[in-house]
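There are 2 protein chains.
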Amino acid sequence: MFTLWNKFPQIYKQINRVEKLIDDRLHTNNPNVEELLRALADDQGKQLRPGLFLLFSQLGDQKLHTDEELIKIAASVEILHKATLIHDDIIDDSPLRRGKITIQSKYGKDVAVYAGDLLFTVFFSLLTEAMNGSKYMSYNSQAMYNLLVGELSQMHLRYSQTQTIDDYLKNIQGKTAALFKLACMEGIHFSEPNEKRERLAGDIGLNIGIAFQIYDDILDYTSTTKDLKKPVLEDVAEGVYSSPLLFAFAKAPAEFKPLLDKKQDIKPAEIKEVARLVKKYNGVKDAQELAQHYTDLALEEIDLLGDRRVAHQIKTVAIRLLNRAS
Amino acid sequence: MFTLWNKFPQIYKQINRVEKLIDDRLHTNNPNVEELLRALADDQGKQLRPGLFLLFSQLGDQKLHTDEELIKIAASVEILHKATLIHDDIIDDSPLRRGKITIQSKYGKDVAVYAGDLLFTVFFSLLTEAMNGSKYMSYNSQAMYNLLVGELSQMHLRYSQTQTIDDYLKNIQGKTAALFKLACMEGIHFSEPNEKRERLAGDIGLNIGIAFQIYDDILDYTSTTKDLKKPVLEDVAEGVYSSPLLFAFAKAPAEFKPLLDKKQDIKPAEIKEVARLVKKYNGVKDAQELAQHYTDLALEEIDLLGDRRVAHQIKTVAIRLLNRAS
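Protein chains in written order, with full-length UniProt numbering: chain A, 1 to 326; chain B, 1 to 326.
Only chain A is shown next, with the shape it has when bound in the complex (with noise of 0.2 Å):
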């Protein structure tokens, strides 16, 4: 869990229970996939998902719904994270993820094709257990669109030296920021139903997830392995081309061409390299800027909400995202 959350007793707390509710639902009869699940509900992540969705909650009326349905909506924001996680990892190849390896690694491709998959239903049957009827049904099937065809972008894009930060903007709204920008607005939205401030909302979350995107793509320049708990410079070798590379690439495209050129095959030493000019150009600063820039937007949103306390709390995550080692 993201250590942010122990500041916020009632978050921590229901975080907790989401965590809880996650495990529980990764069981099933079967004692063939029971090991998988297991190990499913073993990996839980930073909950930031959950936890904006619970803060933002906390501005209506919570009576509107049960605490149970709450926390059935918390955790299948998390559930649909992951299973697009375990999806992410077959198509990067990762060995490792949060210092652990991954579901592919340890049980193949094919295990987590279907584990994914099996998370999916959890998630849909989650929604339709806390707000079946509901029109954020079809915002939930919507976000898990944009997150696909946000995914399938990027992997298109792979080695692409013509992507322009704005295709890359494009991409992380689809695959990050969407599901960021649903929880936000569905934190509102089952407390106290009001459009304006769901779009409010929305728009919070969406820029908190462009910003944690961006920063999630930095780390990948200036963390240690260790730090990361997963290898670094990944994304170079698999031809993910992120914001700090982009920037850098722009101002001297001749001295990074011969290098990306060779695609897959490049060596660590050339990855190295690439690493190297990229700090050169100011990839890494410029990169920060625009990940400070979505926060800076989401501060001045956050300041429209009015319930003092919890803009607070939200704000304090917002800044604590860019600020962190992993």
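Please note that the accuracy of each hint is not assured.
It does not matter which identical chain is used: a pair holds within one copy or between any two.
Restricting the straight-line Cα-Cα distance to at most 16 Å, the calculated cross-link-like pairs of lysine to aspartate or glutamate (EDC-like) are [what the hints assert, rightly or not]: (1) Lys285 <-> Asp220; (2) Lys263 <-> Asp235; (3) Lys267 <-> Glu234; (4) Lys106 <-> Asp93; (5) Lys263 <-> Asp167; (6) Lys109 <-> Asp92; (7) Lys279 <-> Asp220; (8) Lys109 <-> Asp93.
Since the hints were made in silico from the structure, they are not lab data.
Place chain B on chain A using the hints.
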């Protein structure tokens, strides 16, 4: 499309609308994924599950739901089926399906993972449009869950020489028959809700689905590649031991054991030897009897449906499924 549908003009027209709807839904404003979506749309199958749904929907007064809603539900069943096929082809490493190159073979496993996921989202959005608030939302998520547990369990039992016909039946109930069951239940429910009749429809669908899958597995032993439009005897090499093999194996384990012990290293000549033994010990014949048994169960239940014209059409489908070449 299954040639039989030509004989039922109303169903035929509706299935054309289902195919058109699927085609319409597989578009995005993202040019990067458009080619893939076109390939998915072009690969329309037999439309068995939508056909059964539509047949069962004729049993009630369709005016309870709009035609458009019924077409969407019919399409949702097919889309869920397509999604699981694409992921199955990844697991099976299948080069061909219905004579066409599979998505994983043409675009790579990575694209195939996301393509299947994308279809799950289309499935989900069709349901939210056509039946948001209905208890069938949770029946759909349950069917999707059963499908996946069946596939996972089948995968877990690969190359297992201790699996029984009961294990096999349990897996095909999940991976195939659950969706037939759902299609038939939904058909009655959305034209004339009646729990008792929905249960009867579900039983009929389950039995038709079990018989269909047993026969599908038989075709792996009896067809030519040309008829089946995919490699024959593929299952044995992949360690998927279906009913013809399981029946024969039980009669002469000592003859099969040295061949099956080779697992994935089994050679084409050895696979042919397995097929010869399956024939020698009447494995195909026993499996045909098992398929016939489930079809007979379905036929008896169909008589209880009442509407003679529709019942006759459903019977025709059930019988025809055991007399197909692919």
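Results for each hint:
In this assembly of identical chains, Lys285 and Asp220 lie within 16 Å of each other by CA distance solely inside one copy; the values are 14 Å within and 60 Å between copies. In the homo-oligomer, the alpha carbons of Lys263 and Asp235 lie at most 16 Å apart inside one protomer (11 Å), although the nearest pairing across protomers, at 37 Å, exceeds that limit. When the C-alpha separation of Lys267 and Glu234 is checked against a cutoff of 16 Å, the pair qualifies only within one copy, where the shortest distance is 12 Å, while the shortest distance between copies is 39 Å. Taking CA atoms no more than 16 Å apart as the test, Lys106 paired with Asp93 passes inside one copy only; the shortest distance there is 11 Å, against 19 Å between copies.
Taking CA atoms no more than 16 Å apart as the test, Lys263 paired with Asp167 passes in neither setting, with 19 Å inside one copy and 46 Å between copies. Taking CA atoms no more than 16 Å apart as the test, Lys109 paired with Asp92 passes in both settings, with 11 Å inside one copy and 11 Å between copies. For the identical chains of this complex, Lys279 and Asp220 are intra-copy neighbours only, at 12 Å inside a copy versus 58 Å across copies, given an alpha-carbon limit of 16 Å. Both within a single protomer and between protomers do Lys109 and Asp93 lie at most 16 Å apart by alpha-carbon distance, with minima of 9 Å and 11 Å respectively.
Hint 5 from the earlier list is the only one contradicted by this structure; the remaining hints agree with it.
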